[in-house]
Amino acid sequence: MLTGGSSAILNELLLDLARYLDSFEWSTALHESYYMYPWIETTHVLTLMVFLGMLCIIDLRMLSLAFKDTPASVIAERLDKPMMIGFAVMVITGFILYFAIPVRTTQSIWFRIKVVLLIAAGINALLFRNRMRESVHTWDTAARAPKRIRVGAMLSLGFWAGVVVTGRTIAYDWYDCHKELPNFMYWAAGCVDELAALQ
Amino acid sequence: MDLLFLFEWLDTSFLATMSKAYGGVFAVVQMFHLLSMSMLGGMVILSDLRLLGVLMKDVPSEVVVENTNKWFGVALVVLIISGIFMSSAVALKLYYNEMYWAKMITLLIGIVFFYAIRKPLLKHDHSTINPWALRSLAVSSLIIWFTVAASGRWIGFS
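The listed protein sequences correspond, in order, to chains A and V.
Numbering-wise (my numbering), the first sequence opens with residue 1 and increments by one.
Numbering-wise (my numbering), the second sequence opens with residue 1 and increments by one.
Treat the hints with care, as some may be off.
Said to hold, decoys possible - To spell it out: a stretch of chain V is covered by chain A in this simulated footprint if at least three of its residues, at any positions, have a beta carbon under 8 Å from a beta carbon of chain A; those stretches are:
1) 76-84
2) 137-151
Said to hold, decoys possible - Straight line, CA to CA, 20 Å or less: simulated EDC-like cross-link-like pairs of lysine to aspartate or glutamate:
3) V/LYS57 x A/ASP69
4) A/LYS68 x V/ASP11
5) V/LYS123 x A/ASP69
6) V/LYS57 x A/ASP140
7) A/LYS68 x A/ASP173
8) A/LYS68 x A/ASP80
9) V/LYS119 x V/GLU62
10) V/LYS20 x A/ASP173
11) A/LYS81 x V/ASP11
12) A/LYS68 x V/GLU8
13) A/LYS179 x A/ASP193
14) V/LYS57 x A/GLU41
Said to hold, decoys possible - Computed spacing ranges between beta-carbons, pair by pair:
15) A/ALA8 x V/LYS119: 32 to 38 Å
16) A/VAL91 x V/ASP58: 27 to 33 Å
17) A/THR138 x V/GLU62: 48 to 54 Å
Think of the hints as simulated: they come from the structure by calculation, not from any bench.
From a predicted model like this one, the values you see are computed outputs, not experimental measurements.
Ideal placement from N, C-alpha and C gives every residue a C-beta, glycine not left out.
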């Protein structure tokens with residue numbers, strides 16, 4: 001856990017970065033555009049079908065809920081490319097969306113949880129890949145994957161569902177800094193000015 | 001046929017009482033809608049790209065279609081249930097929203113296309129089906145479901 005002092009510095013830095021991005025004309029233009037912002041947002045959401053769709057199929061195979069008779073490695077390898085293409089599109093459109101509304105997003109508790117879940121999902125994916133590579137030759141054609149793999153698949157579905165959910169809730173203003181919130185929420189969302197006003 | 005009565009009924013139903021009063025409940029249901037959209041889209045994309053010979057060429061297309069159809073159905077059920085709940089929160093507004101009707105019409109086309117045309121046809125051995133028929137089936141399916149999802153997102157913008 002970060003101490004009060006270092007988290008305050010981190011929050012200041014993040015807010016400074018967000019305000020710097022916000023000072024670009026492009027950022028405001030994008031946010032206020034009639035069609036561009038909705039199109040980028042739609043691309044971000046619809047690409048879920050490519051990225052999460054493929055991921056879902058791979059994880060369902062590992063949980064023996066789909067493609068039981070197809071070797072697990074075939075599903076994982078053939079769907080890797082479309083999944084990563086989807087991921088790349090999501091990352092690019094995600095950065096553009098952040099660039100369009102940097103300050104509010106930086107101070108969104110949901111966005112912060114989303115980033116933490118993204119990191120967790122990434123670590124889980126790396127571990128999963130390693131476990132697959134080490135052991136897949138011993139169970140490739142079996143309908144039921146080893147427990148370690150099944151746990152990894154379940155964690156993967158859970159983390160990514162969490163990323164989608166927290167991504168969606170960024171749009172809700174329930175815990176925006178300008179609202180009256182518990183002190184803990186001001187701290188967690190990095191509401192620098194509100195915290196300063198309290199002291 | 002005027003369906004306004006249906007929306008007026010939905011607007012005063014028990015569902016609407018819940019979806020209007022509790023923003024949190026609405027948000028949770030919307031999440032299920034979004035997650036099952038990812039699943040439905042994934043199943044459509046994989047099976048259609050397989051029929052087009054783009055993905056998983058070394059797995060028989062019959063196997064791919066059979067496995068994806070099952071989860072397509074599961075996702076569709078969750079989407080419809082969560083969709084009705086979400087509609088109840090803004091039923092009357094939706095009745096006058098063009099994008100909503102664009103989505104409902106393409107959705108209806110999609111369901112009929114999937115269960116009355118695509119599924120029965122693909123039950124046959126795929127090698128006995130004209131490859132161009134398979135390709136046009138796949139392309140139509142991709143276009144229909146993309147339109148459903150995109151017009152669905154656009155309800156919120158319009």
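Hints versus structure:
Look at the segment 76-84 of chain V against chain A: 0 of its residues bring a Cβ nearer than 8 Å to a Cβ of that chain, fewer than three, so the hint is violated. Residues of the segment 137-151 of chain V lying with their CB closer than 8 Å to a CB of chain A number 3, which satisfies the three-residue condition for coverage. A distance of roughly 16 Å separates the Cα atoms of V/LYS57 and A/ASP69; the hinted pair therefore holds under the 20 Å criterion. The straight-line distance between the Cα atoms of A/LYS68 and V/ASP11 is roughly 44 Å, outside the 20 Å bound, and the hint therefore fails.
A threshold of 20 Å between alpha carbons decides the hint, and for V/LYS123 with A/ASP69 the separation of about 18 Å falls inside it, so the pair holds. About 18 Å separates the Cα atoms of V/LYS57 and A/ASP140, which keeps this hinted pair within 20 Å; it holds. Restraint check for A/LYS68 and A/ASP173: not satisfied, since their Cα atoms lie roughly 44 Å apart, outside the 20 Å limit. In summary, the hint linking A/LYS68 to A/ASP80 is supported, as the alpha carbons are separated by about 18 Å, within the 20 Å threshold.
Pair hint V/LYS119 plus V/GLU62 holds up; C-alpha atoms about 11 Å apart against a cutoff of 20 Å. For the proposed pair V/LYS20 and A/ASP173, the alpha carbon gap of about 16 Å is at most 20 Å, so the pair holds. Restraint check: the Cα-Cα separation between A/LYS81 and V/ASP11 comes to about 45 Å, which exceeds 20 Å; the hinted pair is violated. The straight-line distance between the Cα atoms of A/LYS68 and V/GLU8 is roughly 46 Å, outside the 20 Å bound, and the hint therefore fails.
Restraint check for A/LYS179 and A/ASP193: the C-alpha separation of about 12 Å stays at or below 20 Å, so the hint holds. A C-alpha spacing of about 32 Å is found between V/LYS57 and A/GLU41, which places the hinted pair above 20 Å, so the restraint is violated. Separation of A/ALA8 from V/LYS119 is about 59 Å and departs from the stated range, judged on CB atoms against 32 to 38 Å. Look at A/VAL91 against V/ASP58: about 29 Å separates their beta carbons, and that is inside 27 to 33 Å.
Judged by the Cβ atoms, the range 48 to 54 Å given for A/THR138 and V/GLU62 is violated: they are separated by roughly 28 Å.
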